[in-house]
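Chains as they are written, first to last, in our numbering: chain V, 1 to 486; chain H, 1 to 486; chain Y, 1 to 486; chain U, 1 to 486.
Just so you know, the hints here were simulated from the structure itself, not pulled from any lab data. You may find that some hints are simply not true.
Any copy will do: because identical chains look the same in the list, a pair fits if it lies in one copy or spans two.
Think about it this way: if two alpha-carbon atoms lie no more than 30 Å apart in a straight line, the pair counts; the simulated DSSO-like pairs of lysine-lysine are [unchecked claim]: (1) Lys464 to Lys236; (2) Lys165 to Lys71; (3) Lys322 to Lys236; (4) Lys345 to Lys71; (5) Lys464 to Lys196; (6) Lys179 to Lys196; (7) Lys345 to Lys464; (8) Lys71 to Lys236; (9) Lys376 to Lys322; (10) Lys196 to Lys345; (11) Lys345 to Lys165; (12) Lys236 to Lys345; (13) Lys376 to Lys196; (14) Lys322 to Lys196; (15) Lys249 to Lys71; (16) Lys249 to Lys345; (17) Lys249 to Lys464; (18) Lys322 to Lys345; (19) Lys71 to Lys464; (20) Lys376 to Lys249.
4 protein chains.
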Amino acid sequence: MSESIHEECGVFGVFGEMDSDVALQAYVALYALQHRGQESCGIAVNDDGLIHYHRDVGLVPEVFTHEVLSKLGTGNMAVGHVRYSTAGNHNRANAQPLVVRHRKGTMVLAHNGNLINAAQLREELEMQGAIFHSTTDTEVMSHVIIRARLESSSIEEAISRSMNKIQGAYSQVIMSPQKMIAVRDPKGFRPLCMGKLGESVVFASESCALDGIGASFVRDIDPGEIVIVTRDSEGKVQVRSDRTHCGEKGNLCVFEFVYFARPDSVVQGVTVHNARVRAGMLLAREHPVQADVVIGVPDSGLDAAMGYARESGIPYGLGFIKNRYVGRTFIQPTQGERDAAVRIKLNAIDETVRGKRVVMIDDSIVRGTTSWRLVKLLRDAGATEVHVRISAPPFLHPCYFGTDIDSRDKLIANRLTVDQIAQRMGVDSLGYISVEGVNSIAKGASCGFCDGCFTGHYPLPEPKSIPKNKFEQKISESRSRKEDDD
Amino acid sequence: MSESIHEECGVFGVFGEMDSDVALQAYVALYALQHRGQESCGIAVNDDGLIHYHRDVGLVPEVFTHEVLSKLGTGNMAVGHVRYSTAGNHNRANAQPLVVRHRKGTMVLAHNGNLINAAQLREELEMQGAIFHSTTDTEVMSHVIIRARLESSSIEEAISRSMNKIQGAYSQVIMSPQKMIAVRDPKGFRPLCMGKLGESVVFASESCALDGIGASFVRDIDPGEIVIVTRDSEGKVQVRSDRTHCGEKGNLCVFEFVYFARPDSVVQGVTVHNARVRAGMLLAREHPVQADVVIGVPDSGLDAAMGYARESGIPYGLGFIKNRYVGRTFIQPTQGERDAAVRIKLNAIDETVRGKRVVMIDDSIVRGTTSWRLVKLLRDAGATEVHVRISAPPFLHPCYFGTDIDSRDKLIANRLTVDQIAQRMGVDSLGYISVEGVNSIAKGASCGFCDGCFTGHYPLPEPKSIPKNKFEQKISESRSRKEDDD
Amino acid sequence: MSESIHEECGVFGVFGEMDSDVALQAYVALYALQHRGQESCGIAVNDDGLIHYHRDVGLVPEVFTHEVLSKLGTGNMAVGHVRYSTAGNHNRANAQPLVVRHRKGTMVLAHNGNLINAAQLREELEMQGAIFHSTTDTEVMSHVIIRARLESSSIEEAISRSMNKIQGAYSQVIMSPQKMIAVRDPKGFRPLCMGKLGESVVFASESCALDGIGASFVRDIDPGEIVIVTRDSEGKVQVRSDRTHCGEKGNLCVFEFVYFARPDSVVQGVTVHNARVRAGMLLAREHPVQADVVIGVPDSGLDAAMGYARESGIPYGLGFIKNRYVGRTFIQPTQGERDAAVRIKLNAIDETVRGKRVVMIDDSIVRGTTSWRLVKLLRDAGATEVHVRISAPPFLHPCYFGTDIDSRDKLIANRLTVDQIAQRMGVDSLGYISVEGVNSIAKGASCGFCDGCFTGHYPLPEPKSIPKNKFEQKISESRSRKEDDD
Amino acid sequence: MSESIHEECGVFGVFGEMDSDVALQAYVALYALQHRGQESCGIAVNDDGLIHYHRDVGLVPEVFTHEVLSKLGTGNMAVGHVRYSTAGNHNRANAQPLVVRHRKGTMVLAHNGNLINAAQLREELEMQGAIFHSTTDTEVMSHVIIRARLESSSIEEAISRSMNKIQGAYSQVIMSPQKMIAVRDPKGFRPLCMGKLGESVVFASESCALDGIGASFVRDIDPGEIVIVTRDSEGKVQVRSDRTHCGEKGNLCVFEFVYFARPDSVVQGVTVHNARVRAGMLLAREHPVQADVVIGVPDSGLDAAMGYARESGIPYGLGFIKNRYVGRTFIQPTQGERDAAVRIKLNAIDETVRGKRVVMIDDSIVRGTTSWRLVKLLRDAGATEVHVRISAPPFLHPCYFGTDIDSRDKLIANRLTVDQIAQRMGVDSLGYISVEGVNSIAKGASCGFCDGCFTGHYPLPEPKSIPKNKFEQKISESRSRKEDDD
């Protein structure tokens with residue numbers, strides 16, 4: 001129910017046997033990664049050097065019908081991508097994976113993240129005559145890699161060289177005619193893991209995609225690591241790593257644990273569901289309250305609610321029912337229809353809350369309007385008190401690393417104090433987890449965290465100006481810029 | 001995840017102000033009733049005697065786009081219907097509400113239930129020259145009512161007369177040019193309730209639809225009751241009842257509480273969620289077991305799992321994650337793809353079950369194959385023991401009253417003992433709730449129950465032969481019968 | 001380019017071998033009959049008593065995709081229907097063939113024509129309790145036949161009996177589980193012919209459909225004739241006729257020759273193209289003029305233009321080019337867009353008309369606005385004089401027999417004299433063919449003609465009042481009527 | 001009915017008032033140019049420097065619905081493109097106009113033609129690090145122009161410089177933020193003309209598009225000419241020419257007159273219809289025959305048939321009727337269905353040809369199979385003799401300049417003599433127009449011709465090897481190439 005924090009992508013790759021059903025594997029895996037992006041999706045199949053691909057706007061089962069998947073055929077490798085959704089925006093041109101032809105063949109690139117020096121790189125490239133067909137970082141990156149390729153003896157060398165130039169968050173799967181390469185930026189902002197299915201090597205943003213295809217988890221890709229998969233002369237699959245850019249512990253986005261990742265995924269050694277339960281437990285300690293029932297906002301608030309209940313001893317109850325069939329409704333954002341939209345999605349179970357003091361757990365407050373509606377549903381259902389607990393600290397700073405938490409003026413926490421927010425939402429109390437708290441929910445994780453959106457302290461130097469055109473890429477197939485001198 | 005028990009329909013009606021947005025209200029209400037039928041849906045709007053309608057195969061948001069809803073326009077009454085889904089069956093001809101023209105005008109009929117003497121009635125009608133365009137009970141009923149209408153002074157009198165002829169389960173909303181009539185069969189097999197939204201009177205299969213449109217619940221329609229809504233000469237809305245056919249306590253389908261109805265609905269005074277929690281508590285008493293965690297099969301097993309945990313003291317855990325984006329996938333029922341389909345839908349959270357003795361709660365076992373796959377997911381995730389508890393008794397008998405529990409040979413419980421089923425599923429123990437147990441989960445309900453599918457004892461005499469063509473209506477727009485003598 | 005005169009339907013039937021590809025034959029035949037109706041189409045296949053059918057709004061190739069046609073499967077009989085188009089009107093409920101189930105099995109009915117006593121029949125039927133699902137004559141007819149069937153020993157006897165009741169124009173193909181029956185009203189208003197393809201017997205509105213499937217023409221069905229096709233006990237196809245209602249010479253709609261039928265069809269022994277050429281020759285004799293070139297308005301004015309040129313000795317030229325790709329454009333009837341719509345459809349060839357006196361031949365003038373635009377195109381292209389010749393007399397009277405020439409006030413000829421029309425169109429002269437002339441264009445035809453729309457003299461008594469609801473059936477899936485007494 | 005000779009594109013541009021309805025103008029113009037390409041289409045609107053565009057697979061009215069066109073909005077310039085159709089090939093990635101962003105802004109490019117040195121240019125560009133997203137010449141060209149742009153002071157200078165590099169056929173409309181530029185290669189292989197509509201300047205492949213939007217024809221763009229349209233500081237539209245690359249008389253594809261262009265277009269001063277009539281007259285002189293009727297194969301053989309009739313004195317008759325509704329049918333190329341497909345498209349009018357000696361005029365013979373079927377239709381209809389006359393010489397050589405006449409082994413004329421073809425087609429005689437003849441059909445045209453497909457003599461040096469990947473671009477969104485060294 002969060003209003004606007006979106007992960008920007010999910011990636012997948014499989015390097016398998018010749019003529020195997022890699023397209024179906026990608027399909028199932030992207031289905032499991034669908035929560036990381038609902039705008040568009042794509043699959044590219046490599047059939048011994050020949051690339052077939054399909055990309056379109058829509059959910060995985062909408063885009064990949066039986067017929068479309070059949071046409072992709074079999075192959076020995078596949079790369080898949082899901083991209084996040086913004087309402088009403090059908091931007092087919094930005095769908096991934098990107099497929100480009102160059103001096104040394106065809107390169108396929110699936111990217112999750114965000115570059116902070118994309119604008120500068122783009123300008124440099126344009127000065128040298130480069131042409132762009134989209135506004136994506138992915139296209140910028142492809143230019144950097146392919147230029148590096150001209151003076152490199154291999155695609156992996158080109159990738160390694162390009163890492164000296166590009167700055168930001170990138171978890172990628174790259175496919176050349178004969179190789180598959182997985183790469184994660186030196187800070188490891190976005191997750192990326194490796195699995196095994198028989199002889200096949202698999203890469204995915206989250207382990208739930210490995211489960212989806214029946215693969216077993218091998219390990220996370222390390223921050224800065226380049227993993228190269230090839231087939232040797234005897235046809236055996238070889239996996240090796242270029243660790244030149246490794247060395248840092250990494251700064252995984254902590255919001256992956258709070259909201260983005262699927263509860264059944266294991267990220268850097270920690271089950272996401274458990275991290276969320278722990279967030280709830282910490283919330284109970286940091287913001288205790290006398291109450292009769294703890295409820296969660298479906299789906300992502302449910303785990304933390306279980307934790308709050310467990311720690312506080314207040315019974316856990318089912319406060320809201322989410323409509324299983326909610327999909328794309330035409331309901332428009334007029335005030336009346338926005339109310340209808342919320343009521344279509346969620347309904348309170350009166351008996352759970354009537355006459356009770358209720359603790360309601362959610363994962364975040366963005367603009368505050370959805371939370372306000374939920375509180376109203378509870379009041380209407382007879383709750384006597386409503387105490388809201390949020391399993392993330394307030395968003396106070398933009399994110400430059402692959403999510404859309406970045407328009408300061410839309411963030412309610414930027415304009416109002418916690419008390420003011422509580423008042424506006426009409427709640428009896430409001431508590432956010434502390435920054436220290438959120439940093440400990442994934443205790444035991446094999447990496448450090450980025451909590452820049454809460455603290456303003458980023459693992460990389462903040463870009464001087466927020467790239468003003470950053471969200472241009474969300475514009476429907478249209479481009480703009482003034483020509484200077486002709 | 002149940003394989004094949006389906007409710008056959010949901011109905012809705014609103015009698016409101018002139019030129020009000022009754023179509024949008026029907027849209028929102030049908031969205032809330034979508035779980036009662038996913039095959040097709042329809043809305044008929046009455047604009048002061050003029051009927052506009054649209055029906056098609058698909059989910060509510062698919063069929064009712066902004067454009068389609070706009071074309072329906074405003075009006076003073078609307079009737080809506082959802083019909084259940086059978087895979088791959090696009091039977092547009094059977095979509096409801098039925099709209100028929102007759103001597104006295106136009107009648108719109110939305111029906112939930114099943115007649116047990118439809119075949120005989122149909123034969124009688126055909127002897128008198130009646131023509132049928134579909135194979136639905138709804139069309140049979142419309143003939144009975146309209147013939148009765150010829151000798152009645154009002155539509156409600158015709159409905160009352162027709163109730164002497166028709167036998168079975170029927171919860172209906174009927175619209176004539178000037179009136180709206182809600183009727184429930186004398187046994188009250190299917191739910192039907194009434195609400196209020198300002199001056200408007202609303203009818204719906206479940207109260208969650210009232211919540212959806214912001215209406216308040218007034219009461220359940222009684223078994224056998226005919227409720228007539230009209231506008232008097234001064235334009236005030238009048239509601240009155242014909243209780244000629246009332247008198248029995250009623251026999252509501254108990255499976256409505258176990259599975260069909262939405263947890264947030266209140267049916268005959270009982271919140272469905274609570275009935276399910278109670279089912280879990282009873283299960284814990286009837287089939288206790290030493291275990292480490294209780295998990296539910298999403299979505300309908302979750303409530304009972306909470307009850308089992310509460311009663312047994314065994315911790316409640318999140319064992320499965322359901323993919324939020326599961327919709328219509330092309331995945332076909334080959335063995336391999338069936339496995340993939342289950343993995344797309346559900347994934348186990350390893351950490352919840354690894355090394356643990358698990359109690360898994362589901363609402364029913366139909367063919368047993370899905371349950372088998374779920375158990376396997378748990379074993380693969382490291383569960384040391386798996387104990388399955390089912391919140392309904394075994395299905396041993398067909399249902400004649402509006403669900404599709406009726407092919408005896410498909411029901412695993414008909415062919416195998418509980419021990420044999422447990423063995424086939426590979427579980428350490430298996431326990432079904434008792435018949436007495438299930439009859440008490442909705443304790444306090446203002447009606448009795450039908451448990452015929454568990455006991456073979458039905459509130460109405462069992463039809464001599466199972467109407468052999470009962471499911472013909474699921475055949476895609478095609479009909480069959482041999483002509484006798486020409 | 002005629003603005004609004006439409007034939008209402010085309011019908012087709014094939015009685016063939018078991019398991020033959022009758023659906024594909026129907027598809028190809030309906031394609032050839034598409035000019036008789038573009039709103040909706042349908043095919044019903046009879047597979048040894050089992051009926052499969054599909055009907056929808058759209059053109060034949062749009063509705064019958066490969067997948068849809070495959071699902072219809074093979075069979076031993078098929079009936080097909082095309083229905084005419086009114087812009088923006090998607091009335092799926094009125095699509096044919098009608099498939100109804102009754103006492104004696106299933107009846108499939110494809111109808112071309114219009115009953116003049118449908119309203120009375122409908123009232124009688126409703127008095128007896130009949131229910132209607134549409135507003136079509138076809139449904140009325142099916143009730144009459146099926147009631148007659150109750151007291152008849154065969155379907156053909158029932159059809160013969162029903163012919164005593166129904167009055168008007170009807171060319172039909174009817175299919176029972178074992179038989180195919182073709183019937184034409186005693187006046188023979190609409191065409192219907194029979195063909196042969198190997199052992200198969202074929203019926204179609206026009207012979208071009210026989211050509212389309214490679215069948216040979218056998219003969220026209222006589223006015224009043226009922227042709228019954230069955231298979232005898234040895235499996236041989238038997239064709240016999242009930243000629244009880246025969247006896248009149250018939251009154252085929254003469255506008256079939258002028259406009260409706262396809263030029264390559266042979267109707268009652270006359271090739272339509274030749275009748276049109278003859279119309280042009282007669283026009284040249286009745287309305288000679290000094291000119292430099294004769295051009296036709298595509299497509300239906302071209303044949304008459306050839307005739308005018310041949311008779312007058314004035315050279316025939318290509319004056320207009322029609323855009324081959326014109327289909328469904330969103331262009332709306334605002335003044336500006338209407339101009340654009342005409343320019344999209346037709347363009348003048350300047351060189352043909354520049355500096356010349358032009359004779360332009362069209363088949364009819366309805367509201368006059370299209371003709372006006374065409375004349376303007378010619379003037380703009382440099383024509384010095386424009387003389388318009390129309391190969392039909394002025395429409396002065398409504399048609400009750402299956403076309404939509406019936407809104408008197410829309411017909412320009414009803415409001416203005418020929419001179420006034422000429423002036424309004426801005427032409428140098430205007431001449432319509434005479435009534436005698438049009439009656440002689442199909443000289444040698446084996447039947448008489450109906451020219452009621454020109455003369456007001458009809459072969460059947462004119463209905464007292466124009467059935468006021470006649471065009472209700474064009475309303476999108478919506479119905480209306482006030483209820484009287486409840 | 002020609003089996004496979006296709007024009008590859010049509011282009012359009014309008015430079016108009018601010019906020020004018022340039023998108024609708026492009027829509028109407030592309031509708032008129034639809035015959036030049038049916039695979040895909042696109043429109044880019046320039047709203048004072050901001051570019052909005054939409055491109056997709058499909059016909060103009062399919063792709064540009066009311067909604068899509070509305071979203072493009074108003075603007076001061078627009079460029080449109082249609083691309084030709086190959087069955088079953090939905091190649092969205094190759095749809096035009098191309099929109100690319102570069103150092104100096106955004107460039108929009110719509111191209112008709114074919115470069116003969118594209119492969120070499122591409123290789124050079126790749127050596128410098130260029131990346132390609134498609135396999136089109138258009139993308140190659142955009143790279144050449146944009147690299148030239150880096151060292152040019154204006155876009156028109158860049159285009160002029162790029163013309164020193166690119167070789168082949170190209171008629172283009174290019175749009176920069178502030179300018180519109182039309183350019184035609186120095187040989188003028190493909191047509192391109194300029195018109196005027198009020199203050200607006202319009203460019204189009206053919207004059208029929210000018211007529212379509214109500215614009216008046218100004219002149220053809222000269223071979224080698226670059227026309228630049230800008231708005232001066234007072235807001236007045238300025239048109240000027242760069243004639244650096246002009247000088248040659250030009251070599252327009254003569255097949256534009258025979259088949260590609262629309263009959264109502266005026267190309268280089270000659271009305272296409274008249275050129276075709278003249279082709280028929282020349283055929284009558286070159287290949288006279290004793291016969292009773294001359295018929296044409298619709299649509300493009302009709303004009304030449306009129307000419308043959310006029311010159312020979314043999315009456316012109318309507319031999320075939322073309323189904324007006326033929327669109328995309330699923331009919332597959334099995335032998336049986338191919339026959340059905342021809343019968344769906346065309347039918348003979350028996351009375352025109354029965355018992356007669358027939359001259360049938362067509363514009364070309366490619367594989368000969370369609371012609372064979374047409375001859376059979378005539379024989380079946382009773383023609384006693386069939387004499388075929390072709391208004392183009394035999395195709396003996398590939399086309400490198402923008403059509404798909406280039407697979408030598410598919411061309412029947414390459415494998416068989418005229419007598420052998422006649423025999424195979426089962427005709428009594430067969431005559432092709434001579435090369436001299438076809439070169440004189442557009443007598444008076446303000447340019448020379450390319451007749452390379454007939455003679456093997458090309459205006460430009462023939463590429464050493466036929467670019468082997470030339471038709472790769474027809475492959476559905478898929479790419480291939482082996483990587484060399486990594």
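Consistency of the hints with the structure:
Proximity of Lys464 to Lys236 under the C-alpha cut-off of 30 Å is found in neither arrangement, the shortest distances being 48 Å within a copy and 42 Å between copies. Taking the shortest alpha-carbon separations for Lys165 and Lys71, neither the intra-copy value of 38 Å nor the inter-copy value of 38 Å comes in at or below 30 Å. In this homomeric assembly, Lys322 and Lys236 never come within 30 Å of each other (Cα to Cα): the closest approach is 48 Å inside a single copy and 36 Å across copies. Taking the closest pair of Cα atoms, Lys345 and Lys71 come within 30 Å of each other only across two copies (25 Å); inside a single copy the shortest separation is 36 Å, beyond that limit.
For a Cα distance limit of 30 Å, the shortest separation of Lys464 from Lys196 qualifies neither inside one copy, at 42 Å, nor across copies, at 49 Å. Proximity of Lys179 and Lys196 under a CA criterion of 30 Å is satisfied intra-copy only: 16 Å inside one chain copy versus 56 Å between copies. When the C-alpha separation of Lys345 and Lys464 is checked against a cutoff of 30 Å, the pair qualifies neither within a copy, at 41 Å, nor between copies, at 45 Å. Proximity of Lys71 to Lys236 under the C-alpha cut-off of 30 Å is restricted to the intra-copy arrangement: shortest distance 28 Å within a copy versus 46 Å between copies.
Both within a single protomer and between protomers do Lys376 and Lys322 lie at most 30 Å apart by alpha-carbon distance, with minima of 16 Å and 28 Å respectively. Proximity of Lys196 to Lys345 under the C-alpha cut-off of 30 Å is restricted to the inter-copy arrangement: shortest distance 21 Å between copies versus 38 Å within a copy. In this homomeric assembly, Lys345 and Lys165 never come within 30 Å of each other (Cα to Cα): the closest approach is 45 Å inside a single copy and 41 Å across copies. Taking CA atoms no more than 30 Å apart as the test, Lys236 paired with Lys345 passes in neither setting, with 50 Å inside one copy and 33 Å between copies.
For a Cα distance limit of 30 Å, the shortest separation of Lys376 from Lys196 across copies, 20 Å, qualifies, whereas the shortest one inside one copy, 48 Å, does not. Only between protomers do Lys322 and Lys196 lie at most 30 Å apart by alpha-carbon distance; the minimum there is 23 Å, versus 35 Å within a single protomer. Taking the shortest alpha-carbon separations for Lys249 and Lys71, neither the intra-copy value of 43 Å nor the inter-copy value of 48 Å comes in at or below 30 Å. Taking the shortest Cα distances, Lys249 and Lys345 never come within 30 Å of each other, neither inside one copy (41 Å) nor across copies (35 Å).
With identical chains, the CA atoms of Lys249 and Lys464 are at most 30 Å apart within one copy only, with a shortest distance of 25 Å there and 58 Å across copies. With identical chains, the CA atoms of Lys322 and Lys345 are at most 30 Å apart both within one copy (6 Å) and between copies (17 Å). Proximity of Lys71 and Lys464 under a CA criterion of 30 Å is satisfied in neither setting, with 47 Å inside one chain copy and 35 Å between copies. Proximity of Lys376 to Lys249 under the C-alpha cut-off of 30 Å is found in neither arrangement, the shortest distances being 44 Å within a copy and 37 Å between copies.
Hint check: violations occur at hints 1, 2, 3, 5, 7, 11, 12, 15, 16, 19, 20; the rest are consistent with the structure.
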